[in-house]
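K.L.:
Listed below are the residues making up each chain.
2 protein chains.
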Amino acid sequence: MAVIAPSRRVRRTPFTDGVEAAGVKGYTVYNHMMLPTVFRSVEEDYHHLKAAVQVWDVAVERQVELRGPDAARLMQMLTPRDLRGMLPGQCYYVPIVDETGGMLNDPVALKLSEDRWWISIADSDLLFWVKALAYGYRLDVLVDEPDVSPLAVQGPLADKLMERVFGDAVSELRFFRFGWFDFEGNTFAVARSGYSKQGGFEIYVEGHANGMPLWNALMEAGKDLDVHAGCPNLIERIEGGLLSYGNDMTRDNTPHECGLGRFCSTQTAIGCVGRDALLRVSKEGPTQQIRAIEIEGDMPVCDRVWPLTSGAKRIGQVTSAAMSPDFKVGVGIGMVRMTHWDEDTELTVQTQDGPRRAVVREKFWI
Amino acid sequence: MAVIAPSRRVRRTPFTDGVEAAGVKGYTVYNHMMLPTVFRSVEEDYHHLKAAVQVWDVAVERQVELRGPDAARLMQMLTPRDLRGMLPGQCYYVPIVDETGGMLNDPVALKLSEDRWWISIADSDLLFWVKALAYGYRLDVLVDEPDVSPLAVQGPLADKLMERVFGDAVSELRFFRFGWFDFEGNTFAVARSGYSKQGGFEIYVEGHANGMPLWNALMEAGKDLDVHAGCPNLIERIEGGLLSYGNDMTRDNTPHECGLGRFCSTQTAIGCVGRDALLRVSKEGPTQQIRAIEIEGDMPVCDRVWPLTSGAKRIGQVTSAAMSPDFKVGVGIGMVRMTHWDEDTELTVQTQDGPRRAVVREKFWI
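First to last, the sequence lines map onto chains A and B.
Under the working numbering, think of the first position of the first sequence as 1084, with each following residue one higher.
Under the working numbering, think of the first position of the second sequence as 1084, with each following residue one higher.
The hints are simulated quantities; they were obtained by calculation from the structure and are not laboratory data.
Glycine residues also receive a C-beta, built at the ideal position from the N, C-alpha and C atoms.
You can trust all of the hints, since none of them are fake.
Ranges of calculated distance between the beta carbons of each label pair, as one might list FRET restraints: (1) 1395/B <-> 1259/A: 43 to 51 Å; (2) 1104/A <-> 1124/B: 21 to 29 Å; (3) 1104/A <-> 1323/B: 34 to 42 Å; (4) 1387/A <-> 1367/B: 49 to 57 Å; (5) 1229/A <-> 1221/B: 25 to 33 Å.
Construct all of the structure, not just a fragment, from the sequences and the given hints.
P.N.:
The structure is reproduced here in structure tokens:
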């Protein structure tokens, strides 16, 4: 397999020194930054994630900060989720849409205060969209990328490890809430969130230089918990139905197609630039939607769109897939037309190595 | 070195099959797409590029298409370069700036007609900026990414090879002009342009399926010219002073800092969103600017910012560097404060492997 060429353009993170020392074997690039994809093997990382605790360099979740009197108005322009009830200290998963209702990103937003928000982004330059909207509407708001780099602690032993470094109060955090916790003289936002179904936290590390001291402290404190460097795990996230922007959805898709309709209050999200475009689909429903797809037999790497067919007809596509060691089947995420999206519908998935039998499942594997 | 993890999010191009068959050894990711960085070795690719002809998969130069009655107005909003004199058939290198005058991209724009433009972008989601501006200003224009993938033919024998595939008229194209040429029933825009100083062309291939037939035809027709698969070459582009967005400049920099003042007509570029912010710097000049930096001794890979120091003072940074086989020195691109930017100024560059002696040159190596 080809190596990844180093350059300044593909940014190192505050934690890259730790990632390298831990023997990272694969990277992808995400928001112009290095994102580890495998340490021991994807399978070994997977089993360990489900059994112990891992520290993940997810600095690639860059923040778009909105600050100023119009911050809340701008935030609501970005998403069809109704933000009126959101309180400081809450995290909201917010589909971000353009004027046609197409997905531009699927970040988690943190409300720091009435006039200050962080948007913890997936892989697209959302900053450009937000800045131009603020400019076009002459809003009183500062929009920028602060020096904040999330570090995730994920796995069933995450609470134990975090208590040792941040104190017992950290485990009282509820899901998708964040609080402020001290570490060596700095105060970081810590949220109960993360891109796995194994539970855990994300620490919003402010200041590049504060990265490695925290990384090292977590590694040191977790030795007897078998803590390891880890990263979002392809197999585990597919089993859990965690979508990946750019893989499972793009600007071509509405939130409703992505199964994110429950995060949209299109009627009441007044000011959202995509509201008008989404009104009909929010009432009538989409004509295609994300589904869990079970795939038979061995599979190549899913590095491109795999058409889903029924007879001679193309009725969808698979965009993420892997063999699941725990469920002993091929697990996949696909977009399927409504004519074929009912559970147990039998389909064919066209991989680069030939067709495989596939079936639509009612739910993901978790 | 770590491998690059395949996924649909990091898109394959219409030419990836050819790139793989040619034995690509390294990739980077650019506009969410695979960009080859090395085939035989960076040095071997370099010598060959200067002696023969190469075919480059530069599909990562995605196009932002502007189409409609307000296309020209929107195009001028993006750049401080005065576009009033630009004719259909011309290519312009256009710094793109935000409302603060910070660089968002440094693409080549093609004027297809009065109401239709392509912007052939560097590595940032410029589409998001352009779409939001069009929306905020309620412009009558369609903004989208068409199915167009540039393929470059670069090197001293480029004219010869291109004539064999597109006919003799192609070599009559002047620098930064484009025309329409036929290939197997399709008509593609072909420009005399490209990201090297060795001369050559860029073919704007419309339609994903047309990629490999053209790739194969060029490889077949160029056998006796020693044609090889190639890619933008790190050493050659530094020698030639070709900047790389994300490496040598970012949103922190004005065009004037990047030495691109000659492409800015800030006084007359009426409508450019960054005009007001750039008026002073265009009159008074920047306080730091891009310089060619010669570096002594062996060097590690430049995968991060290297501070430039004079005594204890930080006076700039190097962001691209390599050993030049032809010039037998370390060649680099740096941003240097005006107090130290005169030629022959001696500086120290702080690499991850320790300090190296460096000197400011008057010009790049070509």
